[in-house]
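Protein chains in written order, with the working numbering: chain P, 1 to 224; chain X, 1 to 730.
FYI, nobody ran anything at the bench for these hints, they're computed from the structure.
Accuracy of the hints is not assured; some may be wrong.
[What the hints assert, rightly or not] Pulled a few chain X residues facing chain P out of the computed Cβ check, cut under 8 Å: (1) Glu136; (2) Gly157; (3) Phe241; (4) Leu245; (5) Asp420; (6) His421; (7) Met422; (8) Ile428; (9) Arg439.
Here the structure is a predicted model, which means the values were calculated and not measured.
Where is the CB? At the ideal position from N, CA and C, for every residue including glycine.
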Amino acid sequence: MKASVIVFPGSNCDRDVKISLEKFGIKTSMVWHADAKLPKTDLVVLPGGFSYGDYLRCGSIASKSRIMKEVTAHSKKGGLVMGICNGFQVLVESQLLPGVLIRNINLKFICKNITVKVTNNKTNFTSKTSRNSVLEIPIAHNEGNYFANKDLINELEDNNQIVLQYCDTAGNINEQSNPNGSIKNIAGIINKKGNVFGLMPHPERASDELLGGMDGSIIFKSLK
Amino acid sequence: MQKVSKELAIKHGLTAEEYNKIIKLMGRNPNLVELGIFSAMWNEHCSYKSSRIWLQTLPTKNKYVIQGPGENAGVVDFGDGDVVIFKIESHNHPSYIEPYQGAATGVGGILRDVFTMGARPVANLNSIRFGSPNHEKTKYLLNGVVSGIGGYGNCIGVPTVGGETEFDECYNGNILVNAMNIGVAKKNKVFYSIASGIGNPVVYVGSKTGRDGIHGATMASAEFDDDSESKKPTVQVGDPFTEKLLLEACLELMQKKSIVSIQDMGAAGLTSSSIEMASKGDLGIKINLNLIPCRENNMTPYEIMLSESQERMLIVLKKGKEKEARKIFEKWGLDFAIIGQLTNSKKLELEFNKKNVCSIPIHSLGDNAPKYKRDFITYSYPKIINHDSDIEKLDIKNSLIKILSHHNYSNKSWVWEQYDHMVMTDTIQKPGGDSAVVRYHGKNKGIAATVDCVPRYCKAHPKSGAMQAVCETWRNLISVGAQPIAITNCLNFGNPEKKEIMGQLVDSINGMKEACEALNYPVISGNVSLYNETNGVAIYPTPTIGGVGLLKNINNMMTFNFKNTENIIAVIGETSGHLSQSALIYDIIGDKDGPPPQINLKEEKKNGLFVTDLIKTKLVQAVHDVSHGGIIVTLAEMCMASNIGAKIKVSGSNSVKIKYLFSEDQARYLIEISKKNLEKIKKIANDKNIKIDIIGKTQSEIFEIENDLKISVKELKTKNESWFKNYNKN
Numbered sequence: 001m002k003a004s005v006i007v008f009p010g011s012n013c014d015r016d017v018k019i020s021l022e023k024f025g026i027k028t029s030m031v032w033h034a035d036a037k038l039p040k041t042d043l044v045v046l047p048g049g050f051s052y053g054d055y056l057r058c059g060s061i062a063s064k065s066r067i068m069k070e071v072t073a074h075s076k077k078g079g080l081v082m083g084i085c086n087g088f089q090v091l092v093e094s095q096l097l098p099g100v101l102i103r104n105i106n107l108k109f110i111c112k113n114i115t116v117k118v119t120n121n122k123t124n125f126t127s128k129t130s131r132n133s134v135l136e137i138p139i140a141h142n143e144g145n146y147f148a149n150k151d152l153i154n155e156l157e158d159n160n161q162i163v164l165q166y167c168d169t170a171g172n173i174n175e176q177s178n179p180n181g182s183i184k185n186i187a188g189i190i191n192k193k194g195n196v197f198g199l200m201p202h203p204e205r206a207s208d209e210l211l212g213g214m215d216g217s218i219i220f221k222s223l224k
Numbered sequence: 001m002q003k004v005s006k007e008l009a010i011k012h013g014l015t016a017e018e019y020n021k022i023i024k025l026m027g028r029n030p031n032l033v034e035l036g037i038f039s040a041m042w043n044e045h046c047s048y049k050s051s052r053i054w055l056q057t058l059p060t061k062n063k064y065v066i067q068g069p070g071e072n073a074g075v076v077d078f079g080d081g082d083v084v085i086f087k088i089e090s091h092n093h094p095s096y097i098e099p100y101q102g103a104a105t106g107v108g109g110i111l112r113d114v115f116t117m118g119a120r121p122v123a124n125l126n127s128i129r130f131g132s133p134n135h136e137k138t139k140y141l142l143n144g145v146v147s148g149i150g151g152y153g154n155c156i157g158v159p160t161v162g163g164e165t166e167f168d169e170c171y172n173g174n175i176l177v178n179a180m181n182i183g184v185a186k187k188n189k190v191f192y193s194i195a196s197g198i199g200n201p202v203v204y205v206g207s208k209t210g211r212d213g214i215h216g217a218t219m220a221s222a223e224f225d226d227d228s229e230s231k232k233p234t235v236q237v238g239d240p241f242t243e244k245l246l247l248e249a250c251l252e253l254m255q256k257k258s259i260v261s262i263q264d265m266g267a268a269g270l271t272s273s274s275i276e277m278a279s280k281g282d283l284g285i286k287i288n289l290n291l292i293p294c295r296e297n298n299m300t301p302y303e304i305m306l307s308e309s310q311e312r313m314l315i316v317l318k319k320g321k322e323k324e325a326r327k328i329f330e331k332w333g334l335d336f337a338i339i340g341q342l343t344n345s346k347k348l349e350l351e352f353n354k355k356n357v358c359s360i361p362i363h364s365l366g367d368n369a370p371k372y373k374r375d376f377i378t379y380s381y382p383k384i385i386n387h388d389s390d391i392e393k394l395d396i397k398n399s400l401i402k403i404l405s406h407h408n409y410s411n412k413s414w415v416w417e418q419y420d421h422m423v424m425t426d427t428i429q430k431p432g433g434d435s436a437v438v439r440y441h442g443k444n445k446g447i448a449a450t451v452d453c454v455p456r457y458c459k460a461h462p463k464s465g466a467m468q469a470v471c472e473t474w475r476n477l478i479s480v481g482a483q484p485i486a487i488t489n490c491l492n493f494g495n496p497e498k499k500e501i502m503g504q505l506v507d508s509i510n511g512m513k514e515a516c517e518a519l520n521y522p523v524i525s526g527n528v529s530l531y532n533e534t535n536g537v538a539i540y541p542t543p544t545i546g547g548v549g550l551l552k553n554i555n556n557m558m559t560f561n562f563k564n565t566e567n568i569i570a571v572i573g574e575t576s577g578h579l580s581q582s583a584l585i586y587d588i589i590g591d592k593d594g595p596p597p598q599i600n601l602k603e604e605k606k607n608g609l610f611v612t613d614l615i616k617t618k619l620v621q622a623v624h625d626v627s628h629g630g631i632i633v634t635l636a637e638m639c640m641a642s643n644i645g646a647k648i649k650v651s652g653s654n655s656v657k658i659k660y661l662f663s664e665d666q667a668r669y670l671i672e673i674s675k676k677n678l679e680k681i682k683k684i685a686n687d688k689n690i691k692i693d694i695i696g697k698t699q700s701e702i703f704e705i706e707n708d709l710k711i712s713v714k715e716l717k718t719k720n721e722s723w724f725k726n727y728n729k730n
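Chain P with its partners taken away, still in its complex shape:
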């Protein structure tokens, strides 16, 4: 497995995710946003951060950057794409994933450990997890409140596109366990084809015992 991490001006989790990818045996190269071509790659990772300062709307300017044409083409060919946090916002803005991410319901930036339930473990990104397992992974965002209209939610559910949902430590998905107001407690979704995955939690921040947990590593292990 070979990965390319896209570096936008303002990305700040690019190094962190590279460390995790390589720790779990995925060869990784960094790709500058202004580059015209992607190197030969199996997986494209859009990292967390504040691409282009998150001006206009989070992920919006990045979605129009030169390299995103390549990323889109890569995804159309069935190549894997994973967007974490700001990367998820870029995927939504690029319409590689449906729905929108709006401001957290409390209108504050939230950085803390939360728990998510793996609702769909039959994906390239979660294959090493068991269905309904609960993972403890940090979030750190101001605009992670996922929203979609009723039709879209039905579609996501029918196609099993909801992959991660915020839950309590016992796995209950409810209002108390929802940190940001996301509809259906959605923390991560996948496209219909199953090759583009976006999630708000940061698995790269939970892939080192010293940082307090290894639950995020299962995503990198699934990808290997």
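Since the structure of chain P is provided, determine the placement of chain X on it from the hints.
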């Protein structure tokens, strides 16, 4: 151009004598641009004119110090060719006027101070103090400052890992925002601001210059009155995205061998940065102001020189390296302009529209700046107060709950969860512990850091208070297993022209000096913020101390949460029962008189080294320094952090128990030890003449003091976690 007069000089914050001194130094009357430059360089914020002679007495060296005060930040040796660079700085006045931008640019400024030196910033800390929670502006200021700090730090991607948040009515009209940053670099890749090489190009990089922040440093050197709101235009506006680009571009350029010196444009912008570089190199500097990238049309030389627009740097390049450097800044989408060169004139010479608009001998701005030995009084240690009548019948449980749910002692996660404290994936001890710890990236060692001050102690007796602040940082570093290396200080005081305030400053510096010397724990950088007064009322003296320690092996890092039930709980250090100025007496009973706890530096050192040994030899399971609220609150915090309970026994009358449990005697630690190590530890303590009280043991879920109190840890947490959430509900 406006005619310069004494009256205009006074409007610029200069005194009549200072204006006469300018004329004498220049040999003529200054023009408006020159007057603006003098006022910017000679204000308190840039010149340290009231504090300089006292700051010079502080110890600034030990075997780790590579660079002490005088540069953009201090540098200490972290072994293996690695250095750690850090500094703390105030942004008090702007944050009161415009909390979001004031706090945000405070973070931005201190970040630049650190990466200017070639370091990659790896940790932000801060100390923020607000007025009474009931004051009409407090909620707005708290929310603005916290989101400003988060807004900047989160975006640039440097974790905010620690700090303190406190409320006291003495800050009603002057809040404090002190921001600290820590960076890492290679020992042979540290950059300084001393310019050299006549003819070398002077380069401007970063954001364009606008009209924001003009006279920011002058504003920060004056008291507030009811009209402070009108000073909003003097507050700078930050853009963390540009700062992130500037950071990456500067670090990229620093990998090449093209920089002679580099300096960020902070307070007093282009004025102070150009003068500092030339002055240190004993050279002159010539700048063509038409070449400055400007954001707005028709900016005058006066405005360009005094603008405090953010995210700008001044670089002296080696001749011939311009092209290589330009390429890097253009890649990052930043302005890059060659604006002048170094000269041998020893003057600051400015040209605008082909005319000379300024010619000032550089040394008259720096070395010849005014230095005042202001009058001061010395504070004696206040009379001891007997609190027996207050505490005879005081209920222990009730008092504990009142402290835990008090705004100053409640859980601060509402604050630090708004800060990204995990980005860069090296934060191995998060906010909430005694010190934050970040792993030295890619290495097995760590950087421990903490920021502390107890202003009520400083008000009661400035010298003891400042000593205590130094000692508390030392203790907090010891508690996580680190070796304390050095400090940075941020001295927040009122108007130094009043001898009572000057006395607070002098006594604090003296106290700091004694503590730093005794602990071999020097000051390597810092900042002084004076005139923190509104309508003549000053804040409490607040010498904030940022301490940094080296954790040699991250696997030996200590935390304060209890690790298991059935372990022994012990207090290290002498408990004499000092209650005046404690959380209980000051905040709960409301008696604000009496002396702060005495500092015994020998005890401090001895106990600290003892705890260090216990951690190194893995004889302890948990360590927490005893601070606000005394043993009982410290113990409760250890329980809440672990969901493990404790059962302790204290004997004597109610007053005796209260004194033991709530007193804030210094140089103490609470430790958790497993039964098998108890005798060994007792023996070492005995050999080293260390006082150790075995007070009880850990147990499941219930916090208990025999015969006095029984409460579930869960309930303690509920009490402790509710204040911020309730306060900010709407």
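Results of checking the hints against the structure:
no., hint, verdict
1, Glu136, "violated (21 Å)"
2, Gly157, "holds (3 Å)"
3, Phe241, "holds (3 Å)"
4, Leu245, "holds (6 Å)"
5, Asp420, "holds (5 Å)"
6, His421, "holds (6 Å)"
7, Met422, "holds (5 Å)"
8, Ile428, "holds (5 Å)"
9, Arg439, "holds (7 Å)"
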